[in-house]
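Given chain A, put chain B in place with the hints provided.
Number of protein chains: 2
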Amino acid sequence: MDKSILTLEQTRIEDPFWFRVRETVRREGIPYQWKALNDEIPGAEPSRCMRNFRIAAGKMQGEHAGFIFQDSDIAKWIEGAAFSLRWYPDPELEKIVDGAIEEVVAAQQPDGYLDTYYIINGLDKRWTNLKDNHELYCAGHMIEAAVAYYQVTGKRVLLDAVIRLVDHIDSVLGAEEGKLPGYPGHPVIEMALMRLYQVTGNPKHLNLARYFVDQRGRSPLFFEEEDKRNGNKFYWKDSYFRYQYYQAGKPVREQEDAEGHAVRAMYLYSGMADVARETGDSSLADSCRRLWRSVVSRRMYITGSIGSSEYGEAFTFDYDLPNDTVYGETCAAIGLVFFARRMLSLEPKAEYADVMERALYNGVISGMQLDGRRFFYVNPLEVLPEASLKDHGKHHVKVERQKWFGCACCPPNVIRLVSSLEDYIASVRGDALYLHLYTGGDLKLSVGGTPVSLKTETDYPWSGAISVTVTSETPVSFALNLRVPAWCSSWTLKLNGRAVTPDLTDGYLTLSRTWNPGDRLELSLDMPVSFVSANPRVYEDAGKVAVTRGPLVYCLEEPDNGKDLHLLRLGAVRPEDCRVEWKPEKLGGIMEITTPGIRESDAGWGDTLYSSEKAIASAPVSLTWIPYYAWANRDPGEMRVWIRKDTISPSA
Amino acid sequence: MDKSILTLEQTRIEDPFWFRVRETVRREGIPYQWKALNDEIPGAEPSRCMRNFRIAAGKMQGEHAGFIFQDSDIAKWIEGAAFSLRWYPDPELEKIVDGAIEEVVAAQQPDGYLDTYYIINGLDKRWTNLKDNHELYCAGHMIEAAVAYYQVTGKRVLLDAVIRLVDHIDSVLGAEEGKLPGYPGHPVIEMALMRLYQVTGNPKHLNLARYFVDQRGRSPLFFEEEDKRNGNKFYWKDSYFRYQYYQAGKPVREQEDAEGHAVRAMYLYSGMADVARETGDSSLADSCRRLWRSVVSRRMYITGSIGSSEYGEAFTFDYDLPNDTVYGETCAAIGLVFFARRMLSLEPKAEYADVMERALYNGVISGMQLDGRRFFYVNPLEVLPEASLKDHGKHHVKVERQKWFGCACCPPNVIRLVSSLEDYIASVRGDALYLHLYTGGDLKLSVGGTPVSLKTETDYPWSGAISVTVTSETPVSFALNLRVPAWCSSWTLKLNGRAVTPDLTDGYLTLSRTWNPGDRLELSLDMPVSFVSANPRVYEDAGKVAVTRGPLVYCLEEPDNGKDLHLLRLGAVRPEDCRVEWKPEKLGGIMEITTPGIRESDAGWGDTLYSSEKAIASAPVSLTWIPYYAWANRDPGEMRVWIRKDTISPSA
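Chain order of the listed sequences is A and B. As numbered in our numbering, residues -19 to 632 make up the first sequence, in order. As numbered in our numbering, residues -19 to 632 make up the second sequence, in order.
Chain A extracted, bound-state conformation (with noise of 0.2 Å):
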């Protein structure tokens, strides 16, 4: 098994595409969030995070501020910045991380516990709200960042730190006699310590993760006894929700759909995944399937978003895919990248990149805007300005990405993720190497205990053509499995300038031989417009189609195509009529796609609202799709994704 999500060789992401998108992120997105963390973006909602941890370090007075998981948000970016550092050295960086480390380090206490709002608010109350009060989700993320930043530079300050921090939860938490039974009502911290094991091997790491997993949803229910001794105040009482809000309504082996706070649910079940693939456990990993299953069959919108209801930022029921009141959370869409990852690496099928690839490419960053500044929580599929304005219901969606936002979980989580691409990109289990997204650059990881070297040249996802030489030093011999991803239709692949024709396996092309210096694979994967259809009980999507190309989910805007979006519609037009069109200079550079299409208006149609005898006008224009996680980057307008497409009546 690919025991490591972390591959750690020194892999570089150098194409175009994400190239611009790290380098965004380097250069803006890493220093804009350190100064957000530390209150100096003026006209932004304060952090107060760093703060927060000067208080509890006894450094300065003051209360604690902000939400009760804020400490999170400097661990994200520890974590994020450790991530930067592995693909581009920044001393300057690196002392600024090894302050912040300092700052947080400060505050933790002799006992090793460590969570700003209660060592302000006083000691005496921690471990009292497991539910809501996020003590473990903190723990988690700072976990995560003392791991990466260990990896990445050797330095153990924070690692020592949380390994400390760990001991305490151990002694407090657990099935034995005299430790609260309990487990985090925010996962994150099963997905941490796994991170953490792999570091330490302590078992006591792996043990804890497992117990948090298992414990989880247990009769008697340990929200339920700690609700009644905090006087039974329980917010989701009279929702559909109860305890599954928090997935743990019941034990996660019984869990069959994926419910409640989305991104809750996908860090839940990437630690679902950790301990299913280190232990080996099957119960769990079916689990682990048949959860995937509903989201990815059933809950899931085109563009990888999850989350139908602002309601508890959640899930609903199946095929229930709003696309103007979703939620669709960039958090959400990252924590789908993260359990599509460890599927990827419990069992390596493309239909786990496939989701990985759709999510990245769309729903996660369209989350960050272009210059890297700002941000949306909600990434919604359908966007009239004055909705969210005027409809109540659609307040949360909004129409411009924000600079920050009180409760910032999302942008350092772009952050952590863009910046660790290179552990998204590929894995190994024995012998074989799966190459699961193309990204040119180099890939040096040990196969089988060899170590190989390949070079991937691509402008992927702009076109499929997809070059991959070995640039290892001597022959070496392994299974080289290339993805087909799930959109293309039709394919063709050389090597050394011959065809061949593998066997496709589970959406991998599986090529195993001894591989010598310099041999070149060139794979061409089919990349023609493609107009998608949801399936048919997805109700919100009856009768209309997506535009697509590649990886890519397009959409409509208002920029580029006037105002009443909703008026136009796509005739009996086929994918070959549309022209697929580079722009350099737009949007930092879009492969632009347009179509015929058609425009109704209401003209003759005066101060009618109903009428069973006016026509409808229509008049034939052309229509310029962007991809969707260009949107937004211009001046604020309507969106959209799915638009109507004609049915040609069987009785017409």
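I should point out that these hints are in silico values taken from the structure, not numbers from a laboratory. Remember, it's a predicted structure, so these values are computed and weren't measured experimentally. Where hints are given, some of them may not hold.
Treat identical chains as interchangeable: a pair holds within one or across any two.
Said to hold, decoys possible - Calculated cross-link-like contacts (lysine to aspartate or glutamate; reagent style DMTMM-like; alpha-carbon spacing at most 20 Å): (1) Lys217 x Glu366; (2) Lys15 x Glu72; (3) Lys543 x Glu43; (4) Lys105 x Glu205.
Just chain B now, with coordinates in the frame of chain A:
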């Protein structure tokens, strides 16, 4: 001008359609609601309404319970009972009403004040929160009840009480020095005072109504001043409504759009139209016309329901008419009927009657179960039971009517409107009689001082054949105006068996002559099945049609068409392909429509959520449509009004 809203002549409605509804209200609704107001319905939310009066009168101890406007429920019930007694004398009911009035009046204070909330909780606080605390709203409804009961029975107990109450109000509120320059947060007293004025002829009553209309929204804003006095707790402060929630953000003559709480808007506009008619105030009439246009041309559902959003139970913006998250409160559709009726009195134009009819036959009576025992507050045009349960944004959309509501404004409102339908059928202007609604029965009223009797026979709304026979005993000269509904594109008219083609002006066929006893008009309105489109600007209905016949909007319901109604569409079907059949045993007797249709399916899709290659299978089916008002009278399930209809693409 038509000075009177209450025609109060001996009009009888005896056609099968309305007789059934009115009998249901009389036999079931009125006794049931009296029990509800006395907390005698097992399993229903207790009202506490009559209990509050008993406490306020010092007959028992206890706290005020229920909403601050709970008094209005008994007022509306008394009014409804009065109207019922007008067409169906019932000494037993009259005795109950007398008793109820005795209980109400017993709570009145020596200075005329009457509001149980403040009587029980302390009179020192009265008149301190006109914006939210509904004293004037309760007073308004009590005035309407008193006037109706006096007009029907000649009994003055409640009338005298409300005259004392109005004297008290007039002593406290007004533009004069020393009075509070306030007005109601929830209008209704405006139109109530106009009805009182009709009975008393006391200019004080007219002037107070006019004051409330004119003072509203004037600067400095009374509500803003009041908020300052009350600690600036203003619920809608951060909403886009602000004071327009109350239609008080600016003077009524400056308001362009129907905004804020839909019921309040309708009651206000109705009062404005009353004042405009009575005083000949043409600028106020213009405001009424402008606000009417805003509602009916841009903000009204095809069912005559209004209020697009649960948030604030309010209007949102032009052409925003979501079918599944709609509010469409029964009271708001009733309010639209009030407004339409008053616009007809202002100027007899059939467009007002068209809307009145649309609301009455659809969004109003949909509010009551066929057996008269359960009620809808919200009247959706699209229901998916799972969504009502699991999508919080649709939690207000109920799949079944409820027994009663904590806030029970709608049930007694249905009762009072249905029981007073006589007052909506016709109006008189000079020597012209306008027939607005076609209901079978006897119409006796005074036209230009001459008593006129007509007998109407019809099976409307099931048939468009209407005969009107002059039953006056002597020849009478007047202009009879027969409305040709906007839904009717073809009609014939015979006078004593011979075809006539009178002028059609403002939607009325005018026949000016001396009518002899026995003269008989036969109007035949073509009533085919129609496929109605919404104005293309209504984005929620793009690509869809509604099926209608005559004034009735039809819907698809799960008991007839199975689940997954979103999979159904109309192909290139023509209205002529539809079958109309009388079903005497179904839903109280309905004309059922069947149309050819198409049912899509997810056959072949399996676990696939998105695909550019899979076709959407479809098969011809027969669709069964029932009148919208009759939905939710069988097993709970899905319902839809608007469904997709194939567009024949010009490029196909």
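Practice task
Quick one: which hint numbers does this structure break? Sort them smallest to largest.
Solution key: As far as the earlier hints go, only 3 is violated by this structure.
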